[in-house]
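Spelled out from the first residue to the last, the chains are:
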Amino acid sequence: MSQHEVTITVNGEKQTRTIEARLLLVHFIRENLGLTGTHIGCDTTSCGACTISLDGEAVKSCTVFAVQADGGSVETVESLAASGTLHPLQEGFWEKHGLQCGFCTPGMLMSARSLLARNPHPTEDEIRHGISGNLCRCTGYNKIVEAIQYAADKLAPVGAAPGSPRDSKGA
Amino acid sequence: MIPASFDYHAPKTLDEAIALLGQLGDSAKILAGGQSLIPAMRFRLASPEVLVDINRITDLGYIAERGDHLAIGALAREHALEASEIVAASYPLLLDTAKVIADPLVRNKATVGGNLAHADPANDHPATMLAYNAQIIARGAAGTRTIAIDDLFVGLFETSLAPGEILTEIRIPRPAANSGGAYIKIERKVGDYAVAAVAVQLELTGAGSGANAGAIKAIRIGLTNVSPIPARAKAAEAALLGKQPTDAVLEAAGKAAAAECNPSADLRGQVDYKRDLVRVLIKRTVRRAIERARGGRP
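In order, the protein sequences belong to chains A and B. Counting along the first sequence from 1, when you hit position 157 you're at 157 in my numbering, and nothing is skipped either side. Counting along the second sequence from 1, when you hit position 175 you're at 1175 in my numbering, and nothing is skipped either side.
With the rest of the complex left out, here is chain A:
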């Protein structure tokens, strides 16, 4: 078994630990760093509750070894409200009742953040496809879709989009 010293920037802070190669990134985040916002749901690469951002891409942290993230940058759900103010996505989930038990929510938020980064104005269909790697057993998804639409409107209002015809005085 090999031990490795890794340095991973997590939510903007450099973290150096000595770990076994077989340690999964999700366990590194939860157990070594104590950041328990990232959840373990299925342990079979199915449910997406452990979704985080690794070097800017949303991935399932149960399906990456922590040693692979050495030198990289990880963002977890804790990064969203780092300033003490809810992120528009979190606000959307609050306002639109996007959760019941809340277990899938951290993964949903991180997937949705990745979706909106790639596509600031997704259609309902694009949102449903975008979160298709995340399972929710409570809501039936409708409220989650509405929450993400709420955040999209708040983060990038159509009228404020650069180059949009409505992006002019009086629009």
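No lab work stands behind these hints: they were computed from the structure. Quick reminder that beta carbons are idealized off the backbone N, C-alpha and C, glycines included. Warning: the hint list may mix true and false statements.
With a straight-line cut-off of 25 Å between C-alpha atoms, the simulated DSS-like cross-links for lysine-lysine are [what the hints assert, rightly or not]:
#: 1; chain 1: B; residue 1: K1099; chain 2: B; residue 2: K1189
#: 2; chain 1: A; residue 1: K143; chain 2: A; residue 2: K154
#: 3; chain 1: B; residue 1: K1255; chain 2: B; residue 2: K1234
#: 4; chain 1: B; residue 1: K1012; chain 2: A; residue 2: K14
#: 5; chain 1: A; residue 1: K143; chain 2: B; residue 2: K1189
#: 6; chain 1: B; residue 1: K1217; chain 2: B; residue 2: K1234
Per the computed footprint, the stretches of chain A lying under chain B, defined by three or more beta-carbons under 8 Å from a beta-carbon of chain B, are [said to hold, decoys possible]:
#: 7; stretch: 16 to 22
#: 8; stretch: 38 to 45
#: 9; stretch: 88 to 98
Chain B: place on chain A using the hints.
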């Protein structure tokens, strides 16, 4: 679930990786996207003694047209295929396939090279690359060689890659004029393997060929998850080649594929059901490929 212990190496160049694989022999396994290997290790279905992580090798993530083919580097992620303008413009069969692999989160990590090298008959790229008549570039201590896709899959989870060889590139021939392709997959839910899926790449006879215009001039068909080894539907290809794609011809091809495939009964369905699904999917997929060929999309 915790994988068994292993040693880990992350070489920065292909030469370094090949040298490592040469020293380590059978005890080593290559880690690319890891989206099949890491779950298998968590379940202890796989317990390699050593992982050689190739993700730190730079310049293997390309998707580019070079000469007469599309070159896909071993570390090109599925999402990169979905986002590629070249793929969207000229390789619709490949785009169809990339969009239905696993789920969007898995596609951010999963690689085309890994999807092929894993040689799982339930994976989607084997059928697609069989339909494209792709070539596989492999590098080992003895140098670089080209493997025809028809010669790549030799058993369940087994390829003709030699020990110590790395699949470095996939080459898809640039489709000729009047060509079209499509991939249609039936899955119970997002992220599941196919109940069955069909990949078709075909070329029609051009408009200047008189009575023969519109006939199927060339066709290759790959099947997903209905045989122990990724396979072509050769009897269906023969039933279509040189013919006008009438309803009767398509039905005969569908029946031929249903007879020649070799599915197993599992939670996704009985053998008879899967065979009938193949019959229907052959017709649907060939029709979609023909529409695309007629519409000018390769």
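Task: Pair hint outcome, A:K143 versus A:K154 [Cα-Cα no greater than 25 Å] - done: Within the cut-off at roughly 16 Å; holds.
Task: 25 Å limit on alpha-carbon distance, applied to hinted pair B:K1012 and A:K14 - done: holds, 23 Å
Task: Assertion that chain B covers the stretch 16 to 22 of chain A - criterion: three or more residues, beta-carbon distance below 8 Å - done: Result for this restraint: holds, n = 3.
Open item on the list: Just to be careful, I want the Cα atoms of A:K143 and B:K1189 compared with a cutoff of 25 Å; is the pair within it?
Closed with: This hinted pair holds, its Cα atoms lying about 20 Å apart.
Open item on the list: Between the stretch 88 to 98 of chain A and chain B, are there enough contacts, at least three residues with CB-CB distance under 8 Å, for the coverage claim to hold?
Closed with: violated (count 0)
TODO: Would you check the hint for B:K1217 and B:K1234, treating anything up to 25 Å between C-alpha atoms as holding?
DONE: holds, 15 Å
Task: Outcome, coverage hint (the stretch 38 to 45 of chain A, chain B; C-beta under 8 Å; three residues) - done: n = 3 at 8 Å, threshold three: holds.
Task: Pair hint outcome, B:K1255 versus B:K1234 [Cα-Cα no greater than 25 Å] - done: Answer holds: B:K1255 to B:K1234 is near 12 Å, not above 25 Å.
Task: Restraint status (C-alpha distance of B:K1099 to B:K1189 at most 25 Å) - done: Holds: B:K1099 and B:K1189 sit about 14 Å apart, inside 25 Å.
Figure legend: structure checked against the earlier numbered hints; the only hint not met is number 9.
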